[in-house]
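Protein chains: 2
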Amino acid sequence: MVEEYVTAIPKKSEDFSEWYVQIVRRAELADYTPVKGCMVYRPYGYAIWENIQEALDRRLKATGHQNAYFPLFIPESFLAKEAEHVKGFAPEVAWVTQGGGEELEERLAIRPTSEAIIMHMYAKWVRSYRDLPILINLWNNVVRWEKVTRLFLRTTEFLWQEGHTAHRTSEDAMEETLRIAEIYRDLVENELAIPVYIGRKSEQEKFAGAQATFALEALMPDGKALQAGTTHFFGQNFAKAFEIKYLDSDGEQKYAWTTSWGVSTRLIGGLIMVHGDDAGLILPPRVAPIQVVVVPIFYGNEQEEVIRKAHELAQMLIGAGLRVKVDDRDEYTPGWKFSEWELRGAPLRLELGPRDLAASSAILVRRDNRKKEKVGWDALISRIPVALEEIQSSLFQRAKEFRTANTRRTTDYVQFQRVMEEQRGFLLAPWCGEGACEDRIKADTTATVRCLTTDTAAGATCLCCDRPAAHWAYFAKSY
Amino acid sequence: MVEEYVTAIPKKSEDFSEWYVQIVRRAELADYTPVKGCMVYRPYGYAIWENIQEALDRRLKATGHQNAYFPLFIPESFLAKEAEHVKGFAPEVAWVTQGGGEELEERLAIRPTSEAIIMHMYAKWVRSYRDLPILINLWNNVVRWEKVTRLFLRTTEFLWQEGHTAHRTSEDAMEETLRIAEIYRDLVENELAIPVYIGRKSEQEKFAGAQATFALEALMPDGKALQAGTTHFFGQNFAKAFEIKYLDSDGEQKYAWTTSWGVSTRLIGGLIMVHGDDAGLILPPRVAPIQVVVVPIFYGNEQEEVIRKAHELAQMLIGAGLRVKVDDRDEYTPGWKFSEWELRGAPLRLELGPRDLAASSAILVRRDNRKKEKVGWDALISRIPVALEEIQSSLFQRAKEFRTANTRRTTDYVQFQRVMEEQRGFLLAPWCGEGACEDRIKADTTATVRCLTTDTAAGATCLCCDRPAAHWAYFAKSY
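So the sequence lines, in the order shown, correspond to chains A and B. All you need for our numbering is the position in the first sequence, starting with 1, plus 3. All you need for our numbering is the position in the second sequence, starting with 1, plus 3.
It is possible that part of the hints are untrue.
Same chains, same names: a pair is fine if it fits in one copy or spans any two.
Only pairs whose alpha carbons sit at most 35 Å apart, straight line, appear in this in silico DSBU-like list of lysine-lysine [unchecked claim]:
id, residue 1, residue 2
1, K445, K480
2, K39, K90
3, K248, K480
4, K248, K39
5, K328, K312
6, K403, K375
7, K375, K127
8, K84, K150
9, K312, K84
10, K480, K377
11, K39, K243
Hints listed in this document are in silico derivations from the structure and should not be mistaken for laboratory results.
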């Protein structure tokens with residue numbers, strides 16, 4: 004019964020979608036709730052988020068950002084102040100209409116994003132050029148009413164961070180927009196081991212109210228792209244809508260320049276899909292809640308000594324800053340525990356049995372390639388951090404090779420359509436930049452412009468029409 | 004103008020209420036928003052919360068608790084499952100009635116607290132006694148529709164943590180309830196330097212749905228008590244309402260025993276009130292976002308050298324794990340900066356001028372008593388941590404002395420009423436335990452039972468009626 008519970012998961016290669024859902028639920032990362040479209044982040048899944056938060060928060064603070072918190076509610080009249088913004092978000096808003104037993108005079112939106120309330124406050128706080136820049140980040144929950152939801156990838160409520168900054172000049176704001184894109188790339192590639200393409204979004208795909216949106220796009224094993232983060236340059240759109248003005252050193256009143264940017268718990272969905280295999284999750288060591296699981300193996304009377312030693316080794320590793328758990332439950336066999344911790348994606352397993360005890364060693368097993376290695380107790384403290392880095396690096400390399408193999412360059416629309424139909428992946432193709440071609444490509448293939456490159460398109464012709472290309476762009480189907 | 008801005012704050016002793024609001028806003032801890040009853044936690048205020056979170060999170064994880072996240076929305080039918088619970092919370096709920104452009108079939112409560120959704124999920128997750136205990140904590144936002152609000156102390160939306168645990172036995176659940184009370188006491192007394200009384204709440208004052216509530220009660224300078232945290236023993240109330248059952252080792256199906264507990268950003272309001280003085284905030288060093296502010300003092304051409312050395316000393320202190328800021332703004336005088344950082348409550352100020360440069364020393368000034376001390380550069384790294392601990396301990400002692408001086412024992416109702424009218428503070432008095440006397444005391448004095456003691460009441464007579472006393476209880480007016 005119990006063995007079956009672990010082994011009944013469909014193969015990743017055969018039913019990716021069902022594999023994903025079962026992994027998420029059986030590894031206890033998340034669960035469905037009776038609240039439509041909303042999920043529970045269970046402790047094991049939330050711990051991954053805490054590790055991501057820690058890694059990003061450190062980078063944001065090192066670049067001068069501070070955390071703050073703004074209200075969950077945005078009065079309807081505030082949401083409406085920036086025309087494009089409200090057009091983009093109003094259809095997916097959840098509205099509070101009653102409070103304290105009474106009907107409200109004005110509906111309150113549950114924030115789908117917080118520009119509207121934050122810009123209002125910035126307008127109060129900014130007086131002089133000395134008050135700029137404002138570099139604020141929020142870790143919070145947002146709500147977007149979704150018709151079709153998917154654990155971690157698209158839910159009505161989700162956890163994220165949203166940064167909102169105000170600057171003195173256009174250059175400062177653009178520099179911030181791109182600095183954050185680079186921080187995100189560093190986070191996603193070096194902590195989550197997911198390679199990303201970064202580029203500007205098309206006019207159709209940009210954020211509601213932005214002048215320019217830059218996105219991180221990652222490739223999933225089913226050949227679809229996942230947008231892993233976005234950073235927006237607003238120009239003076241919001242500053243004008245919300246009257247964020249400052250007195251410059253030249254004595255002139257000027258509008259500020261603003262940005263916003265965010266990554267969400269969707270990143271967890273990405274790492275599950277990118278790294279997992281038929282046996283379950285494979286968590287990149289830097290964000291794994293448990294980096295090493297110690298499994299004591301005993302039959303009868305060695306039990307006490309083996310368990311004692313397992314805890315002793317674990318304490319030594321914890322003392323060195325590693326995240327370690329001893330699975331000393333007596334109701335499961337070692338084999339069952341191996342399967343469970345493979346399912347849950349612990350990067351390293353340390354097996355300790357009576358023979359190991361006699362040899363003052365233990366068996367170290369890598370989750371990603373299952374390679375086994377006998378390591379003396381004294382060597383564990385130096386070997387394990389290295390092994391974790393090997394896994395981290397190997398996961399990234401594997402993902403990068405997969406992306407390379409699935410990024411194709413084409414100028415031919417027939418080939419483009421065939422690849423989108425058969426292999427999917429990223430297609431790098433020249434595009435005139437017009438919405439009409441974008442629409443036609445989408446209608447023909449369901450693929451969209453994921454992001455533009457900065458490669459020169461001089462001499463190239465649009466994939467779809469006969470006009471000169473404006474950009475080489477990455478196209479893909481997407482989540 | 005600028006000097007006036009800092010000095011125009013009313014004296015704490017003369018207009019406590021206005022002093023509080025102005026300190027909160029001018030120190031940039033928080034600000035009002037156009038969203039009724041909701042405030043912004045500005046970076047300096049939020050950073051205090053981050054330090055409190057870090058201190059509590061560490062204690063909770065060390066005792067086996069894990070963080071998770073549950074939905075913001077609670078369908079009305081779930082909130083209604085525990086009769087007392089819904090009666091207590093329904094009047095202050097904010098309701099979502101529209102989402103994605105449509106009227107919802109069932110209203111969704113914005114969580115005022117999450118028992119109703121969490122207990123539902125626990126019922127799905129718990130099968131056997133081996134699944135217990137579940138020890139989960141959430142850091143999130145909650146909404147309670149308040150008529151009268153006050154920055155940090157009572158707002159419609161606020162940040163807090165809520166822990167929810169399920170246990171195999173009544174003893175285990177009660178042990179958890181009291182363990183958390185002790186963790187909270189440790190947090191509030193040792194990190195925030197606020198002494199607290201802990202005790203059980205009266206039947207009237209307990210949490211809606213609890214069998215027993217234990218509270219931490221702190222004394223504010225105006226003689227009113229502030230409830231600083233609560234921890235609830237639910238018995239099997241919620242387990243029965245939500246069908247949380249487990250198969251015990253004896254083969255019987257049994258209901259679990261549950262608890263919940265929380266502290267909120269209200270703690271920040273408490274520390275502002277308890278420690279501040281006429282010049283502004285005094286932040287306990289362990290939670291102060293900036294523990295040491297370095298103020299370089301220069302006139303003309305020493306500027307560069309003084310600022311360079313200020314940053315060098317700051318870097319040395321930051322390297323030792325201290326939170327340090329150099330205020331090298333050139334638009335303000337040193338005197339203005341001294342006032343501003345006193346207002347903002349930085350525990351230590353380090354002044355560095357040309358004469359200090361010549362002497363290889365600096366002047367260290369304590370915020371709490373303004374004592375100055377000349378310290379050689381080499382000695383800073385050892386002296387400053389000690390000075391911070393001296394301040395921490397001195398703030399706690401001062402608060403404790405104030406509480407001792409304002410905790411009075413009485414058995415006489417006339418005296419009780421006079422003290423409540425004139426000095427306020429905690430009044431320790433014998434009480435029969437009946438709601439009728441509690442109501443009368445409240446009607447006569449506006450004071451309530453803050454918590455019960457475990458002192459024996461044998462032989463004592465109720466303050467208010469002639470029946471034998473059941474408890475010695477702490478009474479106070481409260482926030």
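Hint-by-hint comparison with the structure:
1. For the identical chains of this complex, K445 and K480 are intra-copy neighbours only, at 9 Å inside a copy versus 66 Å across copies, given an alpha-carbon limit of 35 Å.
2. Taking identical chains as interchangeable, the C-alpha atoms of K39 and K90 lie at most 35 Å apart whether they share a chain (24 Å) or sit on different chains (25 Å).
3. Taking the closest pair of Cα atoms, K248 and K480 never come within 35 Å of each other, the shortest separation being 41 Å inside a single copy and 45 Å across copies.
4. Taking the shortest alpha-carbon separations for K248 and K39, only the inter-copy value of 25 Å comes in at or below 35 Å, while the best intra-copy value is 42 Å.
5. In the homo-oligomer, the alpha carbons of K328 and K312 lie at most 35 Å apart inside one protomer (13 Å), although the nearest pairing across protomers, at 46 Å, exceeds that limit.
6. With identical chains, the CA atoms of K403 and K375 are at most 35 Å apart within one copy only, with a shortest distance of 25 Å there and 59 Å across copies.
7. For a Cα distance limit of 35 Å, the shortest separation of K375 from K127 qualifies neither inside one copy, at 61 Å, nor across copies, at 37 Å.
8. For the identical chains of this complex, K84 and K150 are neighbours both inside a copy (26 Å) and across copies (28 Å), given an alpha-carbon limit of 35 Å.
9. In this homomeric assembly, K312 and K84 never come within 35 Å of each other (Cα to Cα): the closest approach is 64 Å inside a single copy and 48 Å across copies.
10. Proximity of K480 and K377 under a CA criterion of 35 Å is satisfied in neither setting, with 45 Å inside one chain copy and 67 Å between copies.
11. Taking the shortest Cα distances, K39 and K243 sit within 35 Å of each other only across copies (24 Å), while inside one copy they are farther apart (37 Å).
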